[in-house]
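Residue strings, one per chain:
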Amino acid sequence: MAFIHQHIELIYIVILSIFLGIEVISRVPAVLHTPLMSGANAIHGVVIIGAIIVMGQAEADNYIALILGFLSVILGTLNVVGGFVVTDRMLEMFKSKK
Amino acid sequence: MSFSVLSIIYLLGSVTFIIGLKMLSHPATARKGNLIAAGGMTLAILGTIFLYEHNGERLHNYGWIFTGLLIGGVIGVLAAKKVKMTAMPEMVSLFNGTGGACAALISAIEFRHLSENVVTTGELLTILLGLMIGAVSFAGSMIAWGKLNGRIKDFAFKGQHIVNQVVLAVMVICAVWLLWSNDGLQVHHHILFYIVLVLALLYGVLFVMPIGGADMPVVISLLNSFTGVAAACGGFLYNNQVMLTGGILVGSAGTILTILMCKAMNRSLKNVLIGSFGGAKAGVAKEQGLYKAISLSDAAVVLAYAQKVMIVPGYGLAVAQAQHACHELEKQLEEKGVSVLYAIHPVAGRMPGHMNVLLAEADVSYDKLLEMEQANAALPTTDVVLVLGANDVVNPAAKHDPDSPIYGMPILEVETAKMVIVNKRSMKPGYAGIENDLFFQPKTSMLFGDAKQVLQQLISEIKQV
Numbered sequence: 003m004a005f006i007h008q009h010i011e012l013i014y015i016v017i018l019s020i021f022l023g024i025e026v027i028s029r030v031p032a033v034l035h036t037p038l039m040s041g042a043n044a045i046h047g048v049v050i051i052g053a054i055i056v057m058g059q060a061e062a063d064n065y066i067a068l069i070l071g072f073l074s075v076i077l078g079t080l081n082v083v084g085g086f087v088v089t090d091r092m093l094e095m096f097k098s099k100k
Numbered sequence: 011m012s013f014s015v016l017s018i019i020y021l022l023g024s025v026t027f028i029i030g031l032k033m034l035s036h037p038a039t040a041r042k043g044n045l046i047a048a049g050g051m052t053l054a055i056l057g058t059i060f061l062y063e064h065n066g067e068r069l070h071n072y073g074w075i076f077t078g079l080l081i082g083g084v085i086g087v088l089a090a091k092k093v094k095m096t097a098m099p100e101m102v103s104l105f106n107g108t109g110g111a112c113a114a115l116i117s118a119i120e121f122r123h124l125s126e127n128v129v130t131t132g133e134l135l136t137i138l139l140g141l142m143i144g145a146v147s148f149a150g151s152m153i154a155w156g157k158l159n160g161r162i163k164d165f166a167f168k169g170q171h172i173v174n175q176v177v178l179a180v181m182v183i184c185a186v187w188l189l190w191s192n193d194g195l196q197v198h199h200h201i202l203f204y205i206v207l208v209l210a211l212l213y214g215v216l217f218v219m220p221i222g223g224a225d226m227p228v229v230i231s232l233l234n235s236f237t238g239v240a241a242a243c244g245g246f247l248y249n250n251q252v253m254l255t256g257g258i259l260v261g262s263a264g265t266i267l268t269i270l271m272c273k274a275m276n277r278s279l280k281n282v283l284i285g286s287f288g289g290a291k292a293g294v295a296k297e298q299g300l301y302k303a304i305s306l307s308d309a310a311v312v313l314a315y316a317q318k319v320m321i322v323p324g325y326g327l328a329v330a331q332a333q334h335a336c337h338e339l340e341k342q343l344e345e346k347g348v349s350v351l352y353a354i355h356p357v358a359g360r361m362p363g364h365m366n367v368l369l370a371e372a373d374v375s376y377d378k379l380l381e382m383e384q385a386n387a388a389l390p391t392t393d394v395v396l397v398l399g400a401n402d403v404v405n406p407a408a409k410h411d412p413d414s415p416i417y418g419m420p421i422l423e424v425e426t427a428k429m430v431i432v433n434k435r436s437m438k439p440g441y442a443g444i445e446n447d448l449f450f451q452p453k454t455s456m457l458f459g460d461a462k463q464v465l466q467q468l469i470s471e472i473k474q475v
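Same order as they appear, the protein sequences are chains X and A.
When the letters of the first sequence are read in order and numbered with this note's numbering, they come out as residues 3 to 100.
When the letters of the second sequence are read in order and numbered with this note's numbering, they come out as residues 11 to 475.
Some hints could be false.
As the list claims (entries may be wrong) - Interface residues of chain X toward chain A, partial, derived using beta-carbon atoms under 7 Å:
#  : residue
1  : M3
2  : F5
3  : H7
4  : V33
5  : H35
6  : S40
7  : N43
8  : V49
9  : A53
10 : I54
11 : G78
12 : V87
These aren't lab readings, by the way, just hints derived from the structure by calculation.
None of these values were measured; they are calculated from a predicted model.
We put the beta carbon where it would ideally sit given N, CA and C, even for glycine.
Kindly produce the complete structure, drawing on both the sequences and the hints.
As structure tokens, this is what we get:
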């Protein structure tokens, strides 16, 4: 209970975001399913922020935390950068051609 | 002060994600939407690095952070730029896996970190959820990646579903035990934590292993939404709104997208995951009728003298990477005064929309691609339909045979055209493992061979017509 109480605003965000996500997607044409999946894939790369926080808080002598944090920053960046670039490459081809 | 600036940055980031997703769902604005979301992400990352404070302390280890960003960024750009268009789905799966691994690692570090401090059940719960979902998503995505590029074969054993359920149950029991006995973390809690991690990885592998390669898009989309939820767990842990909105948005949007994909195949998600198709493959082979093959030169003549040709691309075209050859053929035919259109089934290829992406890569004009309904309306007036490596999406059994496993799936009704030429590598049934009556109909001719080679030979034959 204390957890819910403490995080009530976050819980609001969760519930509203769920409906927003459904609303935003439900009218997408099948043509865009793959790029959309790829774009969504890039957006969940936002987990990188957690990795940066973990990395930035690791003590200088805590090597395990440093190494694991470093690894998570690399993996998170891969997700973000790779995700957005791949999506852009896919969408580049949808340009209307004269 | 700087923390409130950061809050505004996070707010902006969240808004760009919503706008980005919204714009991604319209063809005209999609590319811009992607860039907007990327911009928001960059802002949120930079803001976190320079402005984040916890108990009045800024982040340190900048050297590590920037090196990590640089390495990940360079590899990410190179991988994304170099990957072939046909390998896109694998790439998405791979990037999804790295996101999942990132979430699981964060949980692992935070758990070690927490063990030195007081832990609330809520914190521990989000850490465990992030760990389990992230690890399942990572392991599952890696298997999906391996399956799509052919490194991993389908693998199922008897009673696998029961084993999967047991692994899942044991994992949940361990996690709950860890939560309940949480009164200062001790050695056995650490052991439990790593058992949960191992079981989650194992479950991810077992979960994806028996699902057929053609269903991987649905699985990737599902794992995509898993990773979203794992990222959102991080949002709870750090009280971080942008992680939460980003994660949950992807979680819910990804789930809807998964359901839409299943719908396009007229199957339920449960059916895809449990894979009732696996059983149908071993079922009784129906009597094979007689089919007739057509020679390359005959096919070339038929195509060159037609007025309207409709090309139906499918999985086989993607595998053979024949999209450029396909466009060549189209140009060649147009020079002969033949009108050429493409009929795109929503689930043709390896992912919904995959055919559009592939053909667009080969510079096929966007307005030549007909969606299923338009195509079905145009088919009765079409002279020749050229089916390139598609099978189940043109199987008339989906309309006529209530016993067929694909009965009810919307199909391209190519049999309404005057003539059908089917290019396939062999008479092997398609993914659904069922015979296709279309191949045995009098108006159908089979043109065997690899799609790319056949197309190239057709082009040179047509030149001589």
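Evaluation of the interface hint that places V33(X) against chain A, nearest CB under 7 Å: V33(X) check passes; min Cβ-Cβ to chain A is 5 Å, inside 7 Å.
Hint status (Cβ of A53(X) to nearest Cβ of chain A, threshold 7 Å): Because about 6 Å separates A53(X) from the closest Cβ in chain A, which is inside the 7 Å limit, the hint holds.
Per-residue hint verdict: V87(X), partner chain A, C-beta under 7 Å: Constraint on V87(X) satisfied, holds at 4 Å.
May I ask you to test the interface hint for S40(X) with respect to chain A, counting a Cβ-Cβ separation under 7 Å as satisfied? Result: holds, 5 Å to nearest chain A Cβ.
Closer than 7 Å between Cβ atoms is the bar; does N43(X) clear it against chain A? Give me holds or violated. holds, 5 Å
If you take the shortest Cβ to Cβ gap from H35(X) to chain A, is it below 7 Å? Since the shortest Cβ distance to chain A is 4 Å, the answer is holds.
The hint names M3(X) as touching chain A; please verify it with the least Cβ-Cβ distance against 7 Å. violated, 10 Å
Restraint outcome when V49(X) is required to lie within 7 Å of chain A by C-beta distance: holds, 4 Å
Would the stated hint for G78(X) survive a check requiring a Cβ distance to chain A of less than 7 Å? holds, 4 Å
Is the hint on F5(X) kept, meaning its closest Cβ partner in chain A is under 7 Å away? Holds - the Cβ of F5(X) comes within 7 Å of chain A, reaching about 3 Å at its closest.
Does H7(X) meet its interface restraint, that is, does its C-beta lie within less than 7 Å of any C-beta in chain A? Nearest chain A Cβ about 10 Å off; hint violated.
Can you verify the interface hint for I54(X): is its Cβ closer than 7 Å to any Cβ in chain A? holds, 5 Å
The structure fails to meet hints 1 and 3 from the earlier list, while all remaining hints are met.
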